[in-house]
Amino acid sequence: ETGVTQSPTHLIKTRGQQVTLRCSSQSGHNTVSWYQQALGQGPQFIFQYYREEENGRGNFPPRFSGLQFPNYSSELNVNALELDDSALYLCASSLAARPYNEQFFGPGTRLTVL
Amino acid sequence: KNEVEQSPQNLTAQEGEFITINCSYSVGISALHWLQQHPGGGIVSLFMLSSGKKKHGRLIATINIQEKHSSLHITASHPRDSAVYICAVKVLGNQFYFGTGTSLTVIP
Chain S
1 ETGVTQSPTH LIKTRGQQVT LRCSSQSGHN TVSWYQQALG QGPQFIFQYY REEENGRGNF
61 PPRFSGLQFP NYSSELNVNA LELDDSALYL CASSLAARPY NEQFFGPGTR LTVL
Chain L
1001 KNEVEQSPQN LTAQEGEFIT INCSYSVGIS ALHWLQQHPG GGIVSLFMLS SGKKKHGRLI
1061 ATINIQEKHS SLHITASHPR DSAVYICAVK VLGNQFYFGT GTSLTVIP
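Those sequence lines, one after another, are chains S and L.
All letters in the first sequence, in the order written, are residues 1 to 114 by this note's numbering.
All letters in the second sequence, in the order written, are residues 1001 to 1108 by this note's numbering.
Hints were generated in silico from the structure; no laboratory data involved.
Computed from a predicted model, the values in this text were never measured in an experiment.
Built from N, CA and C at the ideal position, the CB exists for glycine as well.
Among these hints, one or two may not hold up.
To be verified - Here are a few chain L residues that face chain S, going by a calculated C-beta distance under 7 Å:
1. 1043
2. 1046
3. 1048
4. 1098
5. 1100
Please model the entire structure based on the sequences and the hints provided.
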């Protein structure tokens, strides 16, 4: 059983560029959540995908968008990057969008925007 | 004001001490998670709670829904317990709120 994987590990972009981050969920999991964690802060919920549909969204602007594929892997896309988008981006997978289901986190992608 | 508040922010303990980390929240929740984050970012889910108490090894988590409060206890602390412990709550709409974490250092 493979765990949650994310790619790339690190990424450097410049302001105004676009970025795509990828997440492969744990085997059998159909729900993926994305989080942004700024340095020294707790993670902030971006959105959740369940069976390829967005299933909840935090307070992030529309330039943060996502996709979930039939194999339940997921992408996070950020357009028009801003300096404040520099953060660790975490994805987590779970078996179903139920409140008590445990989330398994990936190692994260560290994005630096210059 | 944050929806989830943790205390203390930083904690230093001697090996073997009993440790308590507290989490208070101000919103209605469907579940509460305790997470452990090591340097470099990796996050491990320790517990999910919707009521009562759970125990796993030296870790114990409790929740009081009426008081909107949860505690994470570590018995017989060890230097390998050094990490950031984060409380997270799941609310309606599948949105999650996280505390800013408690940084724990256990000294041998």
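Hint-by-hint comparison with the structure:
At about 4 Å, the closest approach between the beta carbon of residue 1043(L) and any beta carbon in chain S falls short of 7 Å, and the interface hint on this residue holds. Taken as an interface hint, residue 1046(L) does not check out: its beta carbon lies about 10 Å from the nearest beta carbon of chain S, beyond 7 Å. About 5 Å separates the beta-carbon of residue 1048(L) from the nearest beta-carbon of chain S, less than 7 Å, and the hint is met. Interface restraint check for residue 1098(L): the shortest CB-CB distance to chain S comes to about 4 Å, inside 7 Å, so the restraint holds.
Of the supplied interface hints, the one on residue 1100(L) holds, with its beta-carbon coming within about 4 Å of a beta-carbon of chain S, less than 7 Å.
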